[in-house]
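These protein sequence lines are chains X and R, in that order. With this note's numbering as the guide, the letters of the first sequence map in order to residues 8 to 507. With this note's numbering as the guide, the letters of the second sequence map in order to residues 15 to 336.
For the record, the hints were derived by calculation from the structure and aren't laboratory data. What you are looking at is a predicted structure, and each value in this text was computed from that prediction instead of being measured.
With a straight-line cut-off of 25 angstroms between C-alpha atoms, the simulated SDA-like cross-links for lysine to any residue are:
(1) X/129 <-> R/192
(2) X/129 <-> R/19
(3) X/129 <-> R/216
(4) X/129 <-> R/197
(5) X/129 <-> R/194
(6) X/326 <-> X/292
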Amino acid sequence: MEDAVPRIAMVGVSKSFPGVRALESVDFCLRAGEVHALLGENGAGKSTLIKIMTGALRQDAGEIRIDGRPATLDSPAAARTHGISTVYQEVNLVPTLSVTKNLTLERQPRRFGLISWRDAAKRARERLARLSVDIDVERPLGAYSVAIQQLVAIARALEEDTRVLVLDEPTASLDAREVELLFQILRDLKRQNIAILFITHFIDQVYRIADRISVLRNGRLVRTAAAVELHRLELISLMLGRELEAVDSAPPPAAAPAAGEPLLAAEGLGRRRYMGVFDLVIRAGEVVGLAGLLGSGRTETAKLVFGAVRSDTGRVRFKGRPITARSPRRSVRLGIGFCPENRKAEGIISELSVRENIVLAMQTKRGWLRRLPVDEQNRLASEMINVLAIATSDAEKPVGQLSGGNQQKVILARWLASKPRLLILDEPTRGIDVGAHAEIVALIRRLCKEGMALLVASSELEEIVAVSHRVAVLRDRCHVGEIAGAGVTRENIVRMIAGG
Amino acid sequence: MKERYIPIAGTIFVFIALFLTGGALYKHFLSTLVLGDLLADNAFIIIAAIGTTFVIISGGIDLSIGSMIGFVGVVMAGLVGHGWHPLAAAAAMIAFGVLYGGIVGWIIDICDIQPFIITLAGLFLLRGSCFMVSLDSVPIKHSFVDAFSAWRIPLPGSGFLTSSAIVMLLALLAGVVIAHFTRFGTNVYALGGDRTSAALMGVPIRRTTVMIYALGGFYSALGGVIYALYTASGYPLAGSGVELDAIAAVVLGGTLLTGGVGLVVGTLFGGLISGLIATIIDFDGTLTSAWARVVVGLLLFLFILAQRTLIGTRNALRQSIG
Numbered sequence: 008m009e010d011a012v013p014r015i016a017m018v019g020v021s022k023s024f025p026g027v028r029a030l031e032s033v034d035f036c037l038r039a040g041e042v043h044a045l046l047g048e049n050g051a052g053k054s055t056l057i058k059i060m061t062g063a064l065r066q067d068a069g070e071i072r073i074d075g076r077p078a079t080l081d082s083p084a085a086a087r088t089h090g091i092s093t094v095y096q097e098v099n100l101v102p103t104l105s106v107t108k109n110l111t112l113e114r115q116p117r118r119f120g121l122i123s124w125r126d127a128a129k130r131a132r133e134r135l136a137r138l139s140v141d142i143d144v145e146r147p148l149g150a151y152s153v154a155i156q157q158l159v160a161i162a163r164a165l166e167e168d169t170r171v172l173v174l175d176e177p178t179a180s181l182d183a184r185e186v187e188l189l190f191q192i193l194r195d196l197k198r199q200n201i202a203i204l205f206i207t208h209f210i211d212q213v214y215r216i217a218d219r220i221s222v223l224r225n226g227r228l229v230r231t232a233a234a235v236e237l238h239r240l241e242l243i244s245l246m247l248g249r250e251l252e253a254v255d256s257a258p259p260p261a262a263a264p265a266a267g268e269p270l271l272a273a274e275g276l277g278r279r280r281y282m283g284v285f286d287l288v289i290r291a292g293e294v295v296g297l298a299g300l301l302g303s304g305r306t307e308t309a310k311l312v313f314g315a316v317r318s319d320t321g322r323v324r325f326k327g328r329p330i331t332a333r334s335p336r337r338s339v340r341l342g343i344g345f346c347p348e349n350r351k352a353e354g355i356i357s358e359l360s361v362r363e364n365i366v367l368a369m370q371t372k373r374g375w376l377r378r379l380p381v382d383e384q385n386r387l388a389s390e391m392i393n394v395l396a397i398a399t400s401d402a403e404k405p406v407g408q409l410s411g412g413n414q415q416k417v418i419l420a421r422w423l424a425s426k427p428r429l430l431i432l433d434e435p436t437r438g439i440d441v442g443a444h445a446e447i448v449a450l451i452r453r454l455c456k457e458g459m460a461l462l463v464a465s466s467e468l469e470e471i472v473a474v475s476h477r478v479a480v481l482r483d484r485c486h487v488g489e490i491a492g493a494g495v496t497r498e499n500i501v502r503m504i505a506g507g
Numbered sequence: 015m016k017e018r019y020i021p022i023a024g025t026i027f028v029f030i031a032l033f034l035t036g037g038a039l040y041k042h043f044l045s046t047l048v049l050g051d052l053l054a055d056n057a058f059i060i061i062a063a064i065g066t067t068f069v070i071i072s073g074g075i076d077l078s079i080g081s082m083i084g085f086v087g088v089v090m091a092g093l094v095g096h097g098w099h100p101l102a103a104a105a106a107m108i109a110f111g112v113l114y115g116g117i118v119g120w121i122i123d124i125c126d127i128q129p130f131i132i133t134l135a136g137l138f139l140l141r142g143s144c145f146m147v148s149l150d151s152v153p154i155k156h157s158f159v160d161a162f163s164a165w166r167i168p169l170p171g172s173g174f175l176t177s178s179a180i181v182m183l184l185a186l187l188a189g190v191v192i193a194h195f196t197r198f199g200t201n202v203y204a205l206g207g208d209r210t211s212a213a214l215m216g217v218p219i220r221r222t223t224v225m226i227y228a229l230g231g232f233y234s235a236l237g238g239v240i241y242a243l244y245t246a247s248g249y250p251l252a253g254s255g256v257e258l259d260a261i262a263a264v265v266l267g268g269t270l271l272t273g274g275v276g277l278v279v280g281t282l283f284g285g286l287i288s289g290l291i292a293t294i295i296d297f298d299g300t301l302t303s304a305w306a307r308v309v310v311g312l313l314l315f316l317f318i319l320a321q322r323t324l325i326g327t328r329n330a331l332r333q334s335i336g
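All chains should be modelled from the sequences, with the hints used to inform the complete structure.
Here is the structure:
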């Protein structure tokens, strides 16, 4: 089988978007009867590669061969005729329709022009039987668990002639038992000689199911290897890359504050299907970093601590007292700030002016009845614009017109203005140019010197190493360990992520 | 019982309970005469509401139904006055309704406009056009119209099915077949359930949207024809507010305004419930007809509340698993 003609071979495939080289001369091959895991961090080119393989995008250069013969995949329909079926990350079915209707939509068997539901249900059951799923096909899809919905999506994608199955993060919202069920089905499909491309960011799952692994980084395929030959540590190093130089050559942060009273202590915090249970302590004047691969639970941890997502279990103490009825509003009033990762969707209100965005958190803290006087608002806004060097012509400009880095600074300013005791920063430097990057790192250090506590989640290990006194390391939605003081190095973090 | 039949079971239960209440309170209420009248009096609203059911299941709304009924009436009266046979005029008006609805659906899809706004524009446009055609009620005088009103099937007991009731029942049957036994019908449910997923699963969104509103236009025009034949006149104010009665009938029939869920047959019972309340008030004689509206309002509120609870539990279920 090793030397057999691959089912799909991509040779020298490149794809560019305006300003970005998404894929650069990628050679990739997928064999019949294998589960091939495709890994990579954000922006590595995974989705571009899948889209080219499934006909949603066309490559700029390079060739795709199917069973050794050149093929043109210029539309999803063309990919389909070559036997390539795709199941996307989100379940793309209609929850209000019955399972039968979902499985047979637009291809129902008809008799005398009218749909024969008896035949349709029979077909639906046959399709599910291929995956050893036995459920009542007349019930609405939405009545079933996400795992079953995922299997129904796979059943819909699997045609009689399917030879390649592309699964884009199929396990993202499944629990351990459901993942096992899915894997059993994948092993079965493998025996039917179907080639399976499995996109995921759960390292443990990769080693449980994959025969081979390919790693993409910055649009290049950096390695394809048999799973048994690729050590975990090596895999993670490949994903993160080595050429990333330290952002900032400034000395590491001053020694951590003496172990004092925790400012915030999360005890047994967690949420089913969202984040494994964890403990986390943050002291005043301390920067705690959250490190891990994409999807390891960094943002999830930040949101659970802040209260933006409700936890199932555990509690949070603030200055020793448990916080009851946690919510973003309650957290803000206690003096906890949160700069979200996705500033467009969750942080910035782009129609409002710089001033209005800055005073927002402050106003929330005061309550809406005690409106901040306009003079005070103006004073605050101009102070923040100066301190953070926000590049704007004036404080009344709508935030949407500023550059990405400056928008990020406006969110920071918003929380700084409310003088928080604890500031949670999720990806503080994403989408920011190098200059602003250094400024924000410097700002984080200054803030903690002034006694503020910070929780910083970042995908850039160098950033975490540069600012953190202590680092909580995450893997597959679980906290796997903590590193403190001089032990906070890139190598130690990578080793802990790998579980070595 | 299957989840999808719970709302319709509730509707039918309310209908029967009201009917029995009427029977307990008034003599001669429990008769086929009352039932036949109920079907005849509400035929045009129910016909129009069948079209609305499709529109609402697809996640849209149609506010121009009442104006369509008025417009169809006055133009039909005009055409018959000019010597057209009423059937020819009716066919022309139904063709107009289909074309008009199709264009509305096309605009909704191509310009990505909210159905609420464009059909509101249609409401004003068609109502205004009614007054351009005629400011007064125009009688429709033709031997066919007399024959149409006279023709009826006797029911056991003293009642009978009028021709308009028969047209309504046939239209309902057609609606049920379209909704449940054609690909188009399933696509309507898919579209209302999750538009993006439906598109990814290969549902032709534009064609389906055009067909949904064309079907809505067909049913509202047919409702207008039946109303004109039933009253033997075209009146520019006819059907005012019927769009809201139709929406009420659809919702009382168990269809969710959020789209994706509902049964065409529910609309029959939804429409009959409002009619039944009016009948009870007529029988009583001491209550003003204002009470009919109040009771329908209360019932609507209760139904929406019940739907909310049903959806609420379903969403809670989905959230707990995902």
